[in-house]
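Throw the hints in and build the complete structure from the sequences for me.
Take 829 as the starting number for the sequence shown in the working numbering and just add one per residue.
The set of hints was computed from the structure by calculation and includes no laboratory data. Check the hints yourself; a few may be wrong.
As the list claims (entries may be wrong) - Each computed DSS-like pair below joins lysine-lysine, with the alpha-carbon atoms no more than 27 Å apart:
#: 1; residue 1: K1058; residue 2: K1047
#: 2; residue 1: K977; residue 2: K1016
#: 3; residue 1: K1016; residue 2: K1049
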Amino acid sequence: MRFDAIICDIDGCLGPESHHPLDAASLARLAEHNRRAIGSRDVPVVALASGRPFPFVECLCRLMTNTAVPCIAENGVWLYDPAQGDFVIDPNVTSQDLFSVGALSQWILRELAPNGVVMQPGKTASISIYHPDTDYLMSLMPRIAEVSKSSGWPIRVSRTVRWINLDLAHVSKATGIERLIARSGLRKERLAGVGDSLSDLAIAERVAFFACPSNADEKLKPHAQYVSPKEEIEGVLDIVRHVSG
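Here it is in structure tokens:
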């Protein structure tokens, strides 16, 4: 077996970024794959690296029967170790960082919420915001970046297909993967990754093999060694077969 684990994004990969239901049957196929991976160790375990809040990532990790490989939540803020049941915040997140995130949250509530911008619930040291008018939402990125800079908040502003992510500048999926490697003993050369947005370059830079479903951002695809002809979770299942073969 060439790889020990596949580090996979959630939104746009294992499920749609929209509010539509997850594909339970396909997730069950991934769970069956993970049971084999952990039992026989002849195929890689599928683990998670997502900007989603910790409870969502823990739930999906358990649903996929990953009992072995740590998963990354909130774009690197949290590491969940299913083998131990531990959840550990990045030690580089300081009380001042939490103050900055809180101050930005208050600014969003004051300045953007009256226009329909909402914050995703459940996050600790980052913010994700949404508006049904995606063009309007994305037009806010320069303003948010400027306010963060002028206020001294160490915030990285990035986007997915439908959301804006506001993360601490020194915390990312890349730092999360570094912590995953340190905790699990896995090696970069035996890790594969899957992503769909430019923020997933942080995964691509920390694994030996990177792949995308067909719905991935066209600017991300040149960074992939394999692009599936299928979308979202069907694309991930195709990638898992490709990597496991």
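Right, here's what the structure says about each hint:
Pair hint K1058 plus K1047 holds up; C-alpha atoms about 17 Å apart against a cutoff of 27 Å. For the hint pairing K977 with K1016, the CA-to-CA distance comes to about 34 Å; that exceeds 27 Å, so the pair is violated. Annotation: proposed proximity of K1016 to K1049 holds, straight-line Cα distance about 21 Å (limit 27 Å).
When the structure is compared with the earlier hints, a violation turns up for hint 2 alone.
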